[in-house]
Amino acid sequence: MSALAVGLTVNGRARAVLVDGRTTLLEALRENLGLTGAKRGCNQGVCGACTVLLDGRPVRGCLTLAAACEGAEVTTVEGLAPAGALNPVQQAIVEAGAVQCGFCTPGIVMSATALLRERPGASLEEVRQGLSGNLCRCSGYRGIVEAVHRAAAGAKATGGKA
Amino acid sequence: MTGFRRPSTVAEAVGLLAADAEARALAGGATLVAMMNADLVAPSALVSLAGIAALRRTETLPDGSVRLGAMRRHAENAVMDLAPGPDVVRRAAARIANPVVRNMGTIGGSVAFADPGADYPAALVAAGAAVEIAGPSGDRAVAAEDFFVDWYTTALGPGEIVTGVVLPPGGAGARSAYDKLVRVSGDFAIVSVAAVARLERGAVAGLRVAVGGCGPRPVRVAEAERALLGGGLDGPAAAALGAAIAEAADPPDDVRGSAAYRRRVIPGLVARALAACAAPLEHAA
Numbered sequence: 001m002s003a004l005a006v007g008l009t010v011n012g013r014a015r016a017v018l019v020d021g022r023t024t025l026l027e028a029l030r031e032n033l034g035l036t037g038a039k040r041g042c043n044q045g046v047c048g049a050c051t052v053l054l055d056g057r058p059v060r061g062c063l064t065l066a067a068a069c070e071g072a073e074v075t076t077v078e079g080l081a082p083a084g085a086l087n088p089v090q091q092a093i094v095e096a097g098a099v100q101c102g103f104c105t106p107g108i109v110m111s112a113t114a115l116l117r118e119r120p121g122a123s124l125e126e127v128r129q130g131l132s133g134n135l136c137r138c139s140g141y142r143g144i145v146e147a148v149h150r151a152a153a154g155a156k157a158t159g160g161k162a
Numbered sequence: 163m164t165g166f167r168r169p170s171t172v173a174e175a176v177g178l179l180a181a182d183a184e185a186r187a188l189a190g191g192a193t194l195v196a197m198m199n200a201d202l203v204a205p206s207a208l209v210s211l212a213g214i215a216a217l218r219r220t221e222t223l224p225d226g227s228v229r230l231g232a233m234r235r236h237a238e239n240a241v242m243d244l245a246p247g248p249d250v251v252r253r254a255a256a257r258i259a260n261p262v263v264r265n266m267g268t269i270g271g272s273v274a275f276a277d278p279g280a281d282y283p284a285a286l287v288a289a290g291a292a293v294e295i296a297g298p299s300g301d302r303a304v305a306a307e308d309f310f311v312d313w314y315t316t317a318l319g320p321g322e323i324v325t326g327v328v329l330p331p332g333g334a335g336a337r338s339a340y341d342k343l344v345r346v347s348g349d350f351a352i353v354s355v356a357a358v359a360r361l362e363r364g365a366v367a368g369l370r371v372a373v374g375g376c377g378p379r380p381v382r383v384a385e386a387e388r389a390l391l392g393g394g395l396d397g398p399a400a401a402a403l404g405a406a407i408a409e410a411a412d413p414p415d416d417v418r419g420s421a422a423y424r425r426r427v428i429p430g431l432v433a434r435a436l437a438a439c440a441a442p443l444e445h446a447a
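Residue numbers (our numbering), protein chains in the order written: chain V, 1 to 162; chain G, 163 to 447.
Hints are computed from structural coordinates only; laboratory data are not their basis. Please note: incorrect hints may appear among the correct ones.
To be verified - Estimated spans, in silico, between C-beta atoms of each pair:
1. V:Gly121 with G:Arg229: 57 to 63 angstroms
2. V:Arg15 with G:Val417: 30 to 36 angstroms
3. V:Glu118 with G:Ser347: 55 to 61 angstroms
4. G:Ser420 with V:Ser123: 48 to 54 angstroms
5. V:Leu124 with G:Leu202: 56 to 62 angstroms
6. V:Gly97 with G:Gly397: 54 to 60 angstroms
7. G:Ser170 with V:Arg15: 30 to 36 angstroms
8. V:Gly56 with G:Asp415: 25 to 31 angstroms
9. G:Thr315 with V:Arg142: 41 to 47 angstroms
Said to hold, decoys possible - Coverage of chain V stretches by chain G, computed from C-beta distances (three or more under 8 angstroms per stretch; other residues unrestricted):
10. 11 to 22
11. 39 to 45
12. 60 to 74
13. 81 to 90
14. 118 to 132
We put the CB at the ideal spot given by N, CA and C, even for glycine.
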């Protein structure tokens with residue numbers, strides 16, 4: 001039973017969804033809007049696979065209620081670059097081969113993109129801190145951290161336009 | 163069908179909660195939504211506090227106390243400008259979970275949930291803070307020490323919400339330290355220690371130490387604190403304080419550590435927090 005109409009902007013496009021009060025933003029994105037980039041891992045806010053940007057801030061899609069997003073601007077991994085293109089974090093991850101099973105990758109990309117917008121030129125330690133809420137169960141952290149650190153060096157050079 | 167309401171005033175929120183015993187106040191969602199996802203709770207309606215501007219406000223009161231609105235997020239609290247002493251709350255906020263969760267969770271939500279392994283409870287007790295409450299029968303304030311009652315149980319009554327916390331000034335020569343022993347960065351504490359000391363010409367003029375994660379509520383032993391007055395933050399009285407807190411603690415045996423282990427590490431962590439308070443300001447932990 002869905003009864004609440006919520007209007008929000010997703011990846012730059014005005015959308016409307018019909019949800020229950022307890023429907024999460026993650027469910028609304030995946031089930032109502034067909035945006036399956038954000039993943040449902042633990043559904044407890046621990047793993048970070050569902051990380052999306054809400055009004056520019058990284059949040060857990062699984063802990064955010066869709067009904068609370070009226071008027072909000074949501075960015076998912078699908079909206080970081082035009083179709084067929086990659087943002088600098090995505091590009092760096094591809095170049096470093098920092099993907100194993102790939103389930104955590106969209107959440108990593110969102111956390112890293114938010115980090116580099118706030119701290120272009122982030123140090124290795126800042127990258128580790130910034131990604132500390134994203135679990136990679138393949139344990140491929142070294143490649144991920146190196147890739148994001150490399151993207152940070154590029155972001156610094158271009159003034160943070162990640 | 164779960165309802166969703168977004169009141170714009172505290173009075174409206176309290177009215178909605180008082181009218182429906184199965185409705186729940188929603189702050190940042192970091193805990194409540196996780197519990198709903200796990201089917202541990204099924205509120206009839208959610209009363210979002212996000213639209214209440216008064217709950218985001220921070221102000222300095224005439225007596226120098228700082229009032230933090232309940233809806234301030236951990237990420238904001240982790241970088242706020244607080245004087246030495248009350249800044250123990252900033253130190254605690256910076257150790258909560260990870261950057262993304264700190265963007266969501268709020269001090270009011272965390273305090274109202276009262277997880278004994280969370281970071282704020284011990285810090286608020288050490289700071290001598292008060293918790294401000296609004297409810298159907300009016301507003302009141304409760305000392306943090308009395309607010310945390312039992313496991314996940316607070317002084318909040320039906321229909322009441324936390325509206326803010328008030329941190330008294332630390333005074334001249336105040337110092338604070340916050341540390342927690344964790345398995346991985348950002349986890350709930352195995353043991354946490356919050357300490358606020360006031361030093362006058364090197365001697366202890368005031369001290370509050372609270373330990374978290376080691377019982378239903380933060381553990382504090384005021385008599386043992388008093389034994390340090392007039393002396394330094396080390397020596398036999400300091401060691402006795404750590405031992406007294408370990409003795410008073412009622413730690414859980416769980417996946418993070420056994421009760422015996424927790425008791426074993428408390429004195430060392432207390433000594434470390436006291437040493438951090440004694441260190442020159444720029445080196446305080």
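A quick look at each hint next to the structure:
{"no.": "1", "hint": "V:Gly121 with G:Arg229: 57 to 63 angstroms", "verdict": "36 angstroms, violated"}
{"no.": "2", "hint": "V:Arg15 with G:Val417: 30 to 36 angstroms", "verdict": "41 angstroms, violated"}
{"no.": "3", "hint": "V:Glu118 with G:Ser347: 55 to 61 angstroms", "verdict": "19 angstroms, violated"}
{"no.": "4", "hint": "G:Ser420 with V:Ser123: 48 to 54 angstroms", "verdict": "37 angstroms, violated"}
{"no.": "5", "hint": "V:Leu124 with G:Leu202: 56 to 62 angstroms", "verdict": "38 angstroms, violated"}
{"no.": "6", "hint": "V:Gly97 with G:Gly397: 54 to 60 angstroms", "verdict": "56 angstroms, holds"}
{"no.": "7", "hint": "G:Ser170 with V:Arg15: 30 to 36 angstroms", "verdict": "25 angstroms, violated"}
{"no.": "8", "hint": "V:Gly56 with G:Asp415: 25 to 31 angstroms", "verdict": "43 angstroms, violated"}
{"no.": "9", "hint": "G:Thr315 with V:Arg142: 41 to 47 angstroms", "verdict": "44 angstroms, holds"}
{"no.": "10", "hint": "11 to 22", "verdict": "holds (count 3)"}
{"no.": "11", "hint": "39 to 45", "verdict": "holds (count 3)"}
{"no.": "12", "hint": "60 to 74", "verdict": "holds (count 8)"}
{"no.": "13", "hint": "81 to 90", "verdict": "violated (count 0)"}
{"no.": "14", "hint": "118 to 132", "verdict": "holds (count 3)"}
Hints 1, 2, 3, 4, 5, 7, 8, 13, counting from the list given before, are not met by this structure.
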